[in-house]
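A.B. asks: Chain residues, written in single-letter form:
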Amino acid sequence: MTEFAPVVVVGTGHAAIEFASALRMGGFGGELTVVGEETRLPYTRPSLSKQYLRGTVADDQLALRPQDFYEKFDIRLRIGSPVIAIDRAARDIALADGSRIGYGTLVLATGGRARTLPDPALHGAANVHRLRTLDDAAALRAQLVAGARLVVIGGGYVGLEVAATARDLGVDVTVVEASDRVLARVAGPATAAHVTGLHTARDVRVLVGATVSGFGRTDDRITAVELADGTLLPADVVLLGVGMSPNDALAADCGLAVSDGVLVDEFCRTADPAILAIGDCTRHPDPQWGGVRRLESIPNAGDQARAAASVILGDARAYTGVPWFWSNQFDHAVRSVGLPGTSDTVVERHVDGQLRAVFFLLDRELRAVEIINDARDFATARKLVSRRAVVDPAQLADPTVPLASLLDAGVRSPAASGAIGGE
Amino acid sequence: MVKVTFVEPDGNRRVVDAAIGDTLMTVATGNLVAGVIGECGGGMSCATCHVMVDEEWAETVGGPSEDEAGMLATTATPAGPRSRLSCQLVVEPAFDGLVLHVPESQE
Numbered sequence: 001m002t003e004f005a006p007v008v009v010v011g012t013g014h015a016a017i018e019f020a021s022a023l024r025m026g027g028f029g030g031e032l033t034v035v036g037e038e039t040r041l042p043y044t045r046p047s048l049s050k051q052y053l054r055g056t057v058a059d060d061q062l063a064l065r066p067q068d069f070y071e072k073f074d075i076r077l078r079i080g081s082p083v084i085a086i087d088r089a090a091r092d093i094a095l096a097d098g099s100r101i102g103y104g105t106l107v108l109a110t111g112g113r114a115r116t117l118p119d120p121a122l123h124g125a126a127n128v129h130r131l132r133t134l135d136d137a138a139a140l141r142a143q144l145v146a147g148a149r150l151v152v153i154g155g156g157y158v159g160l161e162v163a164a165t166a167r168d169l170g171v172d173v174t175v176v177e178a179s180d181r182v183l184a185r186v187a188g189p190a191t192a193a194h195v196t197g198l199h200t201a202r203d204v205r206v207l208v209g210a211t212v213s214g215f216g217r218t219d220d221r222i223t224a225v226e227l228a229d230g231t232l233l234p235a236d237v238v239l240l241g242v243g244m245s246p247n248d249a250l251a252a253d254c255g256l257a258v259s260d261g262v263l264v265d266e267f268c269r270t271a272d273p274a275i276l277a278i279g280d281c282t283r284h285p286d287p288q289w290g291g292v293r294r295l296e297s298i299p300n301a302g303d304q305a306r307a308a309a310s311v312i313l314g315d316a317r318a319y320t321g322v323p324w325f326w327s328n329q330f331d332h333a334v335r336s337v338g339l340p341g342t343s344d345t346v347v348e349r350h351v352d353g354q355l356r357a358v359f360f361l362l363d364r365e366l367r368a369v370e371i372i373n374d375a376r377d378f379a380t381a382r383k384l385v386s387r388r389a390v391v392d393p394a395q396l397a398d399p400t401v402p403l404a405s406l407l408d409a410g411v412r413s414p415a416a417s418g419a420i421g422g423e
Numbered sequence: 001m002v003k004v005t006f007v008e009p010d011g012n013r014r015v016v017d018a019a020i021g022d023t024l025m026t027v028a029t030g031n032l033v034a035g036v037i038g039e040c041g042g043g044m045s046c047a048t049c050h051v052m053v054d055e056e057w058a059e060t061v062g063g064p065s066e067d068e069a070g071m072l073a074t075t076a077t078p079a080g081p082r083s084r085l086s087c088q089l090v091v092e093p094a095f096d097g098l099v100l101h102v103p104e105s106q107e
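Note that the protein sequences, when read in sequence, are chains Y and F. So in this note's numbering, spot 418 of the first sequence is number 418, and the numbers just go up one at a time. So in this note's numbering, spot 61 of the second sequence is number 61, and the numbers just go up one at a time.
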């Protein structure tokens with residue numbers, strides 16, 4: 001793999017574009033092709049559930065890079081070009097249009113697709129939406145008119161952000177969540193309760209422990225969502241916010257190891273020395289706590305993109321990012337760093353009766369933090385978590401102790417510095 | 001369009017065209033200016049688009065909002081008196097000739 005063997009990237013989302021940028025910025029002078037099925041110029045996704053849905057941002061304001069960026073930096077961009085197969089022996093990929101592109105290094109940045117529900121009543125329904133792409137968002141936006149009744153199935157980040165945006169547009173909103181709380185996969189109960197409060201204060205109905213058992217349908221429209229307890233929710237618009245599946249079929253089909261995601265190491269390498277994978281489509285090692293994980297996250301896409309670029313540039317730097325996420329709902333910012341996972345101690349910080357932060361510790365080490373609104377505290381929390389700081393829970397809970405002061409007080413865990421064995 | 005100069009960490013001066021209404025972070029990443037990351041895509045959640053406004057331009061550009069100042073307190077290269085998050089700087093005609101310094105590190 002020489003520095004100038006052609007690099008081909010499959011996918012045109014965040015990871016793909018951050019990778020292409022990092023590669024050129026690092027001085028890569030060879031052919032660089034970015035090819036993907038989406039028909040739009042590469043765009044950013046976070047605002048699809050927020051400003052774009054609200055109608056305050058136009059399509060062309062979502063571009064990840066200016067239109068002339070690709071030609072300017074000699075990046076061959078082929079949008080609207082699905083890739084159907086990888087030939088590892090020939091080192092080329094086959095596109096749906098019959099053409100083939102040869103590669104020296106192939107980078108899979110295929111992202112994921114929004115999941116649907118298996119109910120046949122949903123097939124061909126004109127008012128049922130998922131939200132992953134700009135086209136999805138445009139279709140949903142057209143149906144969110146004041147007075148319409150929206151049922152959101154799934155109380156994750158996407159579902160809740162759409163709920164908040166729709167409510168601001170005067171839509172009647174009900175969120176249906178099967179778990180016992182919203183954000184069940186990604187946040188703790190205290191933050192989930194706080195976020196639920198933001199919604200109920202604005203008359204969004206949030207139903208937890210609620211399972212969808214069926215749909216009412218007339219012609220090509222869903223008219224109601226039926227719950228297992230017999231509740232019937234009339235609906236003009238339905239959003240399925242039930243998670244995403246990684247697009248790992250291309251990898252699986254050519255014999256690469258996948259397991260709900262393309263398996264890669266800390267340098268984003270697959271078992272094939274000529275193939276890397278980055279972003280939402282990957283399952284990769286957790287550099288802080290071991291094991292492997294799959295993240296649906298913009299920062300991860302960028303971090304893996306830069307790690308992969310460093311490998312090709314001959315200055316390989318392992319991916320070391322601590323996962324972090326943000327969500328904006330009703331002018332509140334919920335940000336989290338780390339994954340709560342298994343924790344033995346959970347500490348809440350309240351100011352004037354309002355939840356401000358939640359800290360998750362395992363064996364006295366800070367594993368994850370959720371911060372409501374305060375950007376500075378969030379940045380501090382990121383540092384504390386990446387250091388695996390050992391901090392006194394009493395100080396975490398005490399709102400008179402500035403979080404920033406704990407940066408010096410916190411002891412860096414011996415495990416974080418790579419020491420082997422116990423204390 | 002106005003002309004903006006980014007002085008990259010190694011001292012290299014990049015003079016680029018900036019469209020009125022774009023953020024300077026977008027201008028930087030759109031021109032592959034070294035040292036500006038913008039991890040969160042402009043949502044003021046990451047502080048990795050940190051730039052320092054050249055002394056001559058400080059008054060024209062102005063200072064940060066309270067929220068932005070909070071984020072600036074967390075930058076990898078410590079923020080100086082003229083530090084700004086480039087995702088919060090929107091190009092206007094008065095910025096023609098603006099000079100920004102990109103700090104050593106964003107992470």
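Hints in this document: simulated from the structure, not taken from any laboratory. Worth double-checking, as some hints may not be accurate.
[Unchecked claim] The calculated label-pair distances, taken between Cβ atoms and stated as ranges, are: (1) Y/G243 with F/V15: 53 to 61 Å; (2) F/G63 with Y/R54: 23 to 31 Å; (3) F/G63 with Y/D344: 42 to 50 Å; (4) Y/D219 with F/D17: 46 to 54 Å; (5) F/A94 with Y/L232: 53 to 61 Å; (6) F/A73 with Y/I79: 38 to 46 Å; (7) F/A94 with Y/A96: 30 to 38 Å; (8) F/A73 with Y/S259: 35 to 43 Å; (9) F/G97 with Y/D203: 45 to 53 Å; (10) Y/R293 with F/G63: 35 to 43 Å; (11) F/V15 with Y/I84: 41 to 49 Å; (12) F/A73 with Y/K72: 31 to 39 Å; (13) F/S65 with Y/A138: 29 to 37 Å; (14) F/A58 with Y/R293: 42 to 50 Å.
[What the hints assert, rightly or not] Covered stretches of chain F, going by a simulated chain Y footprint (3 or more residues, C-beta under 8 Å): (15) 53–63; (16) 71–79.
Where a beta carbon is used, it is the ideal one built from N, C-alpha and C, also for glycine.
A.B. asks: Each hint should be assessed against the structure and marked as holding or not.
C.D. replies: Here's how the hints hold up against the structure:
Between Y/G243 and F/V15 the C-beta distance comes to about 46 Å, which lies outside the given range of 53 to 61 Å. Against the hinted window of 23 to 31 Å, the Cβ-Cβ separation of F/G63 and Y/R54 comes to about 29 Å, which satisfies the hint. In this structure, F/G63 and Y/D344 meet the distance hint of 42 to 50 Å, their C-beta atoms being roughly 44 Å apart. For Y/D219 paired with F/D17, a C-beta distance near 52 Å keeps the hint of 46 to 54 Å intact.
Taking 53 to 61 Å as the suggested C-beta distance range, the pair F/A94 and Y/L232 conforms, at roughly 59 Å. The hint said 38 to 46 Å for the Cβ distance between F/A73 and Y/I79, and at roughly 40 Å that hint holds. Between F/A94 and Y/A96, the C-beta spacing of about 49 Å breaks the proposed range 30 to 38 Å. Judged by the Cβ atoms, the range 35 to 43 Å given for F/A73 and Y/S259 holds: they are separated by roughly 41 Å.
Under the hint 45 to 53 Å, the C-beta atoms of F/G97 and Y/D203, about 51 Å apart, fit the expected range. Checked against the given bound of 35 to 43 Å, the beta carbons of Y/R293 and F/G63, roughly 40 Å apart, stay inside it. Taking the beta carbon of each, F/V15 and Y/I84 are about 44 Å apart, inside 41 to 49 Å as hinted. Remark: the range hint 31 to 39 Å for F/A73 to Y/K72 is upheld by a beta-carbon distance near 35 Å.
The supplied range of 29 to 37 Å is met by F/S65 and Y/A138, whose beta-carbon atoms lie about 32 Å from each other. One distance hint, 42 to 50 Å for the beta-carbon pair F/A58 and Y/R293, holds here, with the actual separation near 44 Å. Against chain Y, the segment 53–63 of chain F contributes 0 residues with a C-beta closer than 8 Å to a partner C-beta. That does not satisfy the three-residue criterion, and the hint is violated. Requiring three or more residues with a Cβ within less than 8 Å of a Cβ of chain Y, the coverage given for the segment 71–79 of chain F holds, as 3 such residues are present.
Figure legend: structure checked against the earlier numbered hints; hints not met, in rising order: 1, 7 and 15.
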